[in-house]
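Please construct the entire structure, taking both the sequences and the accompanying hints into account.
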Amino acid sequence: MSTEILIWLIPLPPLLAFFIIMLFTNRSNALSHTIAVGSVLLSWLGSMLVFWRAFQASHLGEQPFQSSIDWLPLSNSAFRIGILIDPLSAVTLFFVAWTILMIFLYSVGYHNFGQPVGDRDRPGLPPHGATITDDKGHRHQVPSIEPMYARFFAFIGLFAFGMYALVVSDNLLTLFVGWEIMGLCSYLLIGFWYGKPSARAAMVKAFITTRVGDVFMLLGIAYLYSATGTLNFREIFNNPEVLSRLAETTSGFLGLSAAGLIGILLFFGTIGKSAQWPLHVWLPDAMEGPTPVSAMIHAATMVSAGVYMVVRIFPLLSAGMEHGSLTTPMTLMAFFGAFSALFAASIALAQNDIKRVLAYSTISQLGYMIAALGIGAYVAAAFHLVTHAFFKALLFLGSGSVIHGMEHGVLHTGAYIDPQDMFNMGGLKKKMPVTFWTFLIGGFALSGFPLVTAGFWSKDEILADAFGHGQWAVFITLAAAAILTAFYTMRQITLTFLGEARTETALHARETPWTMTTPLVILAVFAVAAGWTGIPEHFPAIGGLVQNWFHSFVGSTLSEEPGTLAFNAIPLLTSLVVALGGLAAGWLTYRQVQAGAPDPIQKPLGPVYSLLKNKYYFDELYDFLFVRPAYWIAETFTYYWLDRGLIDGILHAAAEFAWRLGSFFRNYIDKPVVNGSGDFVANSVKRIGQTLRVIQTGRVQQYMLLGLITIAAFGALFYYLMVFQP
Amino acid sequence: MVPLSWYLIFSAALFSIGLFGVLARKNAVAILMGVELMLNSVNVNLVAFWRYRTPEGIAGQAFAVIVFAVAAAEVAVGLALIISIYRRRNTVVADEIDLLKF
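Sequence order for the protein chains is A and B.
Going by the numbering used here, the first residue of the first sequence is number 665, and it counts up by one from there.
Going by the numbering used here, the first residue of the second sequence is number 131, and it counts up by one from there.
Think of the hints as simulated: they come from the structure by calculation, not from any bench.
Please note that the accuracy of each hint is not assured.
Said to hold, decoys possible - Label-pair ranges, simulated between beta-carbon atoms:
id: 1; chain 1: B; residue 1: Ala-210; chain 2: A; residue 2: Gly-1340; range: 48 to 56 Å
id: 2; chain 1: A; residue 1: Asn-1339; chain 2: B; residue 2: Val-205; range: 50 to 58 Å
id: 3; chain 1: B; residue 1: Ala-202; chain 2: A; residue 2: Asn-1339; range: 55 to 63 Å
id: 4; chain 1: A; residue 1: Leu-1356; chain 2: B; residue 2: Arg-217; range: 32 to 40 Å
id: 5; chain 1: A; residue 1: Gly-1362; chain 2: B; residue 2: Arg-217; range: 13 to 21 Å
id: 6; chain 1: A; residue 1: Tyr-1383; chain 2: B; residue 2: Leu-153; range: 19 to 27 Å
id: 7; chain 1: A; residue 1: Arg-1351; chain 2: B; residue 2: Leu-138; range: 45 to 53 Å
id: 8; chain 1: A; residue 1: Ile-1373; chain 2: B; residue 2: Val-205; range: 24 to 32 Å
Computed from a prediction, not measured in an experiment: that's the story for all the values here.
We put the beta carbon where it would ideally sit given N, CA and C, even for glycine.
Take a look at the structure:
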């Protein structure tokens, strides 16, 4: 099969699985998950084959796999859809295929396949557990299967379709279609347990917040189309003529060039999708969804798609870049990215929910990539995108495994405690060894533990680029974010796994089934090994041992391949110090937290702690600035003025008029004329009857006499007429 | 020969007597007898006209015979009705049998 046809086919199996499960097999859990996992296995196979061919192809940057067809005819042209695998989408396809497959497999165990149906489980709520009686007559509480098991697999199947479609598409339009399908799935899956009011609120919040970004993105796409007449990536981003024309055209808005304005508009889409400040508020709340969803949509793939998009449009963003000076969109990105990185990392310090810490960490790491792109570190951003997808998926799945183990403890002890609160954990290392070791690898990768982990290489490359380009503000901000990252990661690992169990529940936690631990192990391998593909060639001692494949491969996507930086010791030392220092500080601070004790950083930080704990009061601020005014406007203008005043007024006036018209007809036409004539006929008949009834005597002889008289009268008349003929 | 008009005068008189009986008598049996008188006056007329006008045919006689038959049947039915009424209401006075009034 030709590679192009194979690429066309990659997104289709999950879509097919979605429809099959939704329409036919939703009553059978086993069949549904077999179809779903089977379909992503097919897509994975296709993706690996395509990746392998892309890997072997020479000059993939100049001659990517691409094909396209007319889709939507316009007046004299047509929107085209098509597929494109260039080096950037090849590596994206690689990590997307792996994480999606792992997460599908993990979902089988996470949703307790094979467990009995719960005692009081209802669709729309998480399973509460089932009671079983064993051979000896003891009653046990065991986890129960998710009530809407098949539905979950249908939704993530649709999601997988959206992600694959986004990755293989060769133009911004189909990318946007995939982007919005994922937005829909994100909405559906955050609210998967729609019985919980918090989940309902979170789904609406996520949908509306990302929509804000998407509107600007759509405007950007429209502007790009009107300016260039095409949305194809290659035709725009690998075409210096188009780019320079866009960079020279003025947009008439704040003195920006067309390229600048389009870039900024598209970047707003990324701010929403990748949850960057100031649209970051939805991602932590999105943790209301099941953990595989958090891992797949809100860590590894969908939020990464935002970064993928800006990496993809990087030539546009950097169009018109003079030597060393950043373009306006890049400056904005450097600012938003670096600020989000530090801002979210600081919030993560004071969160106690194991998944919320990771959510803020995701915002922070995505900020890294965007800041890297903002300073022109194209390859570093793509590299961190890949490594982050692996280790963050691993961390989320690990946290899901921890929560699952804790829920087991909750069922065993019967005490209700929050199974996601890290202060209720501790000592899980012995109970859940596989989860611990894989989580440790993921956590070290996230904090950039030197040399062995993937996170180190990608993060170090970003810092080196920031340093090498002389972007001091970005460099310092990112370094500060990195030390916070290492600190909260170690805080999380220490509180969760090390020390003694702080609650009875944590004592009874149990390792999760193989369907959940296998993906952890595989992702842990990537969380380490993915970094080896991108070791800088000038790195001391080990540089050059392995070829810096990632740089040359992904770098060839651009028309002008980015150059490599000379080695400098300062950024390397910085990343060593921040990673190890943060980890050490985290361990020292949290190694001896007793049950019921407050957070050790609460006292020294004082009011700052409560500021962090409450996420800088952004939710409250947005509630005050946007939500309440929106409600107020809706109530005052729409409800009172428009609905009750105007529309109801018109309706009432029309009703009043109709009523009066009806009254007129009734009183002056219906009653006197129609009723009058009807009554007159009836009354006349009645009166005649009353008058004539007296002759009805019932006496036969009188009738006869009457008849005789009548005959006589007629006889007389006829006689008169015939004889005299007047 | 007796002129035709005599028969007709006789017949008219008989008819009038019958009619008077029908209209004026109270007893239902007497009314029925009045009806018989009227029928017979018609018979007289029929036979008289046959004899004087069309003696060659027998239509007049035949007609008279049919009238006899009808009259016999009528009397049979009429008397049966009167007996039935008498059994129910204990009267044969026509004025008291006034169920058909309003």
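For each hint, the structure was consulted:
{"no.": "1", "hint": "B:Ala-210 with A:Gly-1340: 48 to 56 Å", "in the structure": "holds, 54 Å"}
{"no.": "2", "hint": "A:Asn-1339 with B:Val-205: 50 to 58 Å", "in the structure": "holds, 57 Å"}
{"no.": "3", "hint": "B:Ala-202 with A:Asn-1339: 55 to 63 Å", "in the structure": "holds, 60 Å"}
{"no.": "4", "hint": "A:Leu-1356 with B:Arg-217: 32 to 40 Å", "in the structure": "holds, 34 Å"}
{"no.": "5", "hint": "A:Gly-1362 with B:Arg-217: 13 to 21 Å", "in the structure": "holds, 20 Å"}
{"no.": "6", "hint": "A:Tyr-1383 with B:Leu-153: 19 to 27 Å", "in the structure": "holds, 22 Å"}
{"no.": "7", "hint": "A:Arg-1351 with B:Leu-138: 45 to 53 Å", "in the structure": "holds, 47 Å"}
{"no.": "8", "hint": "A:Ile-1373 with B:Val-205: 24 to 32 Å", "in the structure": "holds, 27 Å"}
Comparing the model with each earlier hint shows no violations; every hint is respected.
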